[in-house]
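**Q** Residues per chain are reported as follows:
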Amino acid sequence: MPEWLLEFPENISMNIKTPIDNAINYMLQNWNPFFDGISKGLRTVLSGVGGVINLIPWWLLLIFVFFATLKMSGKILRALFYTALLFFIGVIGLWELMNQTLTIVVTSVLISLLIGLPIGILISSSKKANAVIRPILDTMQTMPSFVYLIPAVMLLGLGNVPAVIATTIYAVPPVIRLTSHGIQQVDAEVVEAARAFGATKAQALFKVQIPQAMPTIMTGVNQTIMMAISMVVTCSMIGATGLGSEVIKGINRLESGRGFAAGIAIVIVAIIIDRLTQGLFRKEEAAR
Amino acid sequence: MKKRLLAVILCAASLALLGACAKETEKVAFGDAGWDSMKFHNAVAMFIAEHAYGLETEEVSGSTAVTYGALKTGDIQVYMETWTDTIATYKQDVQSGAVTELGVNYDDNVQGLYVPRYVIEGDAERGIEALAPDLKTVEDLKKYRDVFADPDDPSMGRIYGAISGWAIDEVMRQKYQFYGLDEFYHYMDPGSDAALSAAIAGAYEKGEPIVAYYWEPAWITGQYDLVLLEDAPYEEDLYLLGQCECPSISLTVCVNPDFYKANTAFCDFLSRYQTSSALTSEALAYMKNNDASYLAAAKWFLSEHDALLDTWLPADKAALVRKALV
Numbered sequence: 371m372p373e374w375l376l377e378f379p380e381n382i383s384m385n386i387k388t389p390i391d392n393a394i395n396y397m398l399q400n401w402n403p404f405f406d407g408i409s410k411g412l413r414t415v416l417s418g419v420g421g422v423i424n425l426i427p428w429w430l431l432l433i434f435v436f437f438a439t440l441k442m443s444g445k446i447l448r449a450l451f452y453t454a455l456l457f458f459i460g461v462i463g464l465w466e467l468m469n470q471t472l473t474i475v476v477t478s479v480l481i482s483l484l485i486g487l488p489i490g491i492l493i494s495s496s497k498k499a500n501a502v503i504r505p506i507l508d509t510m511q512t513m514p515s516f517v518y519l520i521p522a523v524m525l526l527g528l529g530n531v532p533a534v535i536a537t538t539i540y541a542v543p544p545v546i547r548l549t550s551h552g553i554q555q556v557d558a559e560v561v562e563a564a565r566a567f568g569a570t571k572a573q574a575l576f577k578v579q580i581p582q583a584m585p586t587i588m589t590g591v592n593q594t595i596m597m598a599i600s601m602v603v604t605c606s607m608i609g610a611t612g613l614g615s616e617v618i619k620g621i622n623r624l625e626s627g628r629g630f631a632a633g634i635a636i637v638i639v640a641i642i643i644d645r646l647t648q649g650l651f652r653k654e655e656a657a658r
Numbered sequence: 403m404k405k406r407l408l409a410v411i412l413c414a415a416s417l418a419l420l421g422a423c424a425k426e427t428e429k430v431a432f433g434d435a436g437w438d439s440m441k442f443h444n445a446v447a448m449f450i451a452e453h454a455y456g457l458e459t460e461e462v463s464g465s466t467a468v469t470y471g472a473l474k475t476g477d478i479q480v481y482m483e484t485w486t487d488t489i490a491t492y493k494q495d496v497q498s499g500a501v502t503e504l505g506v507n508y509d510d511n512v513q514g515l516y517v518p519r520y521v522i523e524g525d526a527e528r529g530i531e532a533l534a535p536d537l538k539t540v541e542d543l544k545k546y547r548d549v550f551a552d553p554d555d556p557s558m559g560r561i562y563g564a565i566s567g568w569a570i571d572e573v574m575r576q577k578y579q580f581y582g583l584d585e586f587y588h589y590m591d592p593g594s595d596a597a598l599s600a601a602i603a604g605a606y607e608k609g610e611p612i613v614a615y616y617w618e619p620a621w622i623t624g625q626y627d628l629v630l631l632e633d634a635p636y637e638e639d640l641y642l643l644g645q646c647e648c649p650s651i652s653l654t655v656c657v658n659p660d661f662y663k664a665n666t667a668f669c670d671f672l673s674r675y676q677t678s679s680a681l682t683s684e685a686l687a688y689m690k691n692n693d694a695s696y697l698a699a700a701k702w703f704l705s706e707h708d709a710l711l712d713t714w715l716p717a718d719k720a721a722l723v724r725k726a727l728v
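Taken in sequence, the protein lines are chains A and B. Count along the first sequence starting at 1, add 370, and that's the number in the numbering used here. Count along the second sequence starting at 1, add 402, and that's the number in the numbering used here.
Each statement offered as a hint is correct.
Calculated pairs, DSS-like style, for lysine-lysine (alpha carbon to alpha carbon, straight line, at most 30 angstroms):
id	chain 1	residue 1	chain 2	residue 2
1	A	K619	B	K474
2	B	K701	A	K387
3	B	K544	A	K619
4	B	K690	A	K387
5	B	K493	A	K619
Take a look, some chain B residues computed to stay more than 10 angstroms from chain A by CB distance:
id	residue
6	G499
7	E523
8	T539
9	E618
10	C646
11	S683
12	S705
To give a feel for the contact side, a few chain A residues facing chain B, derived at Cβ under 8 angstroms:
id	residue
13	N395
14	N402
15	I520
16	L525
17	G527
18	G529
19	S606
20	M607
21	I608
22	K619
23	I621
24	N622
25	L624
What the hints contain is simulated information worked out from the structure, not anything from laboratory work. Ideal Cβ placement from N, Cα and C applies to all residues, glycine included.
With the sequences and hints as input, model every part of the structure.
**A** Rendered as C-alpha cells:
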C-alpha cells in the first residue's frame, strides 16, 4: 500500500497553534481594562455571597437541613441522617473549607442561572437558534477545562475568579438545554388554547409554557448545581480555596487519608444539595 | 438485529486478539512529571536507549505524585530528574530499595522568590515605571506591599507561593513568617505548577508587578527576565526554618529496582548521565528560539556537546549514537 494511505499525508498541514497564541497575547496586552472589570465585578459578587454564607452559623445550617429534609420527605429518620452527615463534615474539621467551596458553587450557579434561563427560553422558540447553540454547548461541556483555565489565569490572575468562570462554562449547558427542551415539550394544543382565549405570546410563554415546563427546567437547575460541585477540584488547581484544594494537597503529598476526607465532604455536600433541590421540585409537582 | 450485533462483537473481539498477538517487546517507560527540563533529559536518554542499546522507549506523563508512584510499582522504569527535596518519601524509598538511585543528573539549580526585573528597574521601552527601586532582598518586600497588592484584599500584598505538597512549600511558608511578611502579605497557594507559570506569564505580559516562588532552570525563568530576591547565605540548620536561601537540590536519575537488575548495561550509562543547570538551560533556550521539538533539541545537544558521549558511554556505544546523529 502506498504510504499516504497508511499515514496521514504530511504535506497537508495547517498551523492553528500560533494564531491562537497570538490572539491570547493580543488580549493580554490590549484588553486589560476589560478583564480587570470582569475580575472586579466577579470579586464583588463572590465576597457578597461569601459574606452571606459565613454569616450563617453552623447550628442554623444544621437546623435548616433538618427541617428542610423533614418537610420534603416527611421522614424524621432521613432528616436526622442528612443532618448527621452535615455534622460529620464539621467533625472532620472541614466546615470552614466547605463554606469556601459553597461560596464558589453558589456564585457559579447563580451566574449560570442568570445566563442559562433566559437563553434557554429564547432559543426554545426557534429551531435555528437551537441548531446554532447546541454545538456550542457541546464544546463547553467536553473541552478539557485546563485548556481554557490556563489562559483564564493569565488574563484574570489566580484564585476564585477564574474558578467561577470555569465552573460557569461547565455548568451552564444543562439548564439551557433542559429549559429549551421543557418549553418545546409543552403540548402545542395547550398553547393554542391559551392563544385562542386571547393570551399574547408573552402571556402564553410565562403563564402557560414555563409553568408546564417547570419540572424539566428544575431538573436542569439540579444538574447545573451538580456539575458546579463536580468542578470543585479542577478549580483548585488554579488556586481556588476550599475542599478542592484540600483534595489537591492530599494528592500532592500522597496523603490518601487527607484526600479522602475532603472527597467525602464534597460527596456529602453534593448529596444533601441534590436531595433538597430534587425534593423541592417534587413538592412543586405534587402541588399542581 | 441480534445477529448483526453478535457479528460486530465477534469482529471486535478477534481484532483485539490480533492486536494482542502483535504486541511487540516491552517498551521502557520514562516518567514525565510535566516540566520541560525533565522532558528534555528524557529525550536525550531515550535517543541513546534506542540507538545505542536497541531498547524501545515511551514517555508516560502525569503529576509528580502519580509518575513517582508508578516508578515504584514498575509501570514507569526510568525517572531522569527526581527533585529529591519535593518528594517527601524519597529518602526512605531509596533506603528501603523501592527505587534505585543511579546518580545525580545535575545539582546546581536555584529556587526562591522572583520578581520581574521591570519592577525594580523599570522598562522604558514598555513604558513601565520602577515601582520598587530598592527591592533587593526577601526582607525588603515589607516595604512594598502596595506594589504587590492582593486583588482579593488590597490592604495586603500577595506572594504567589510554592505548590502545596512540594517540600519547598513548607520552607517558603516558614520564610514568610520568619521575615514577618505575614503581617503584610497573603501567601497564595497556586494549586498547580501550570497555574503558577500562567500567573507569572500573565503578569509579565501585562507588565504588572508580581512576586512569586519559582525555580531555575525552567522556561519561565529562561524566557522572562526575572530577578531572584536575595536571602541570607545558605546554612544547613537554618534552611528548613526558612531563614536562608535555598540550597541547590540534587536532581537524581532513578530507576525501578527490577529494571535495574534486568538492564545493567543501560543503567550503567544512566548512572554516568550528568549534565548541569547551564547545559539544560542552553538546550531549553535552543528549543524555545528554534521552535524545536524535544527530540530535535536532544539531537542538537548531543552533537553540540559531543564530548559528553565519551564520558557517558563505552566507545562502541558512543560510536552508535554518533552514527545515528549524522
